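Participant: Each chain, written out:
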Amino acid sequence: DGGITQSPKYLFRKEGQNVTLSCEQNLNHDAMYWYRQDPGQGLRLIYYSQIVNDFQKGDIAEGYSVSREKKESFPLTVTSAQKNPTAFYLCASRSPTGTSNQPQHFGDGTRLSIL
Amino acid sequence: GQQVMQIPQYQHVQEGEDFTTYCNSSTTLSNIQWYKQRPGGHPVFLIQLVKSGEVKKQKRLTFQFGEAKKNSSLHITATQTTDVGTYFCAGHPSGNTGKLIFGQGTTLQVKP
Chain A
1 DGGITQSPKY LFRKEGQNVT LSCEQNLNHD AMYWYRQDPG QGLRLIYYSQ
51 IVNDFQKGDI AEGYSVSREK KESFPLTVTS AQKNPTAFYL CASRSPTGTS
101 NQPQHFGDGT RLSIL
Chain B
1 GQQVMQIPQY QHVQEGEDFT TYCNSSTTLS NIQWYKQRPG GHPVFLIQLV
51 KSGEVKKQKR LTFQFGEAKK NSSLHITATQ TTDVGTYFCA GHPSGNTGKL
101 IFGQGTTLQV KP
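Chains as they are written, first to last, in the working numbering: chain A, 1 to 115; chain B, 1 to 112.
There's no promise every hint is true.
As the list claims (entries may be wrong) - Cross-link-like lysine-lysine pairs, in silico, DSS-like; alpha carbons within 30 Å at most:
1) A:Lys9 - B:Lys57
2) A:Lys71 - B:Lys99
3) A:Lys70 - A:Lys14
Because the hints were derived from the structure by calculation, they are not lab data. What you are looking at is a predicted structure, and each value in this text was computed from that prediction instead of being measured.
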């Protein structure tokens, strides 16, 4: 969707290496989300943030870390502790928190592979 | 934990046939949203249902939200090749507006 930029589109990680996926939005959305998508498993929530300087673990947070220092940015770091990082990673945002009726807007995703 | 189950996982239809995907939640939902993901793309919001028993239509697509607000369905009439993709339902559990729980998705293939 327009307004959410994920980079890079493709990323390769070496064993034991941390990598950071970028997600930037200019939609003025308070809430941002990171999902992992594997074939046949739908979208699984990694982390989410409803406000700057605050974030919560999702269902599969182990091996990942995030920060939310700016409203526009929600980078995801895939650490070496994540033993199976090969997946399609999707970032999403939603406006504003406390209003559950708003849809999520997704970026184009980053495909991460192990070298 | 809270789960949203979606069936079937895959569906192959001949162009012109109808298609339905079903979504069931283990807990009551405050609303349910439907998304479509084209091959190689990202999920795109289709619609939201909020009221118990609500039915909404978008051209050939009909969306329903169950009376107990725990299940939903998407029905496509007379499928076209442009309908190909994966359809996801996603719900906000009642009382928690921050987290959206996605179903596993139904991948639709349409043979011309």
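Participant: For each hint, tell me whether it holds in the structure or not.
Facilitator: To see whether the hints hold, each was checked on the structure:
no., hint, result
1, A:Lys9 - B:Lys57, "violated, 35 Å"
2, A:Lys71 - B:Lys99, "holds, 18 Å"
3, A:Lys70 - A:Lys14, "holds, 29 Å"
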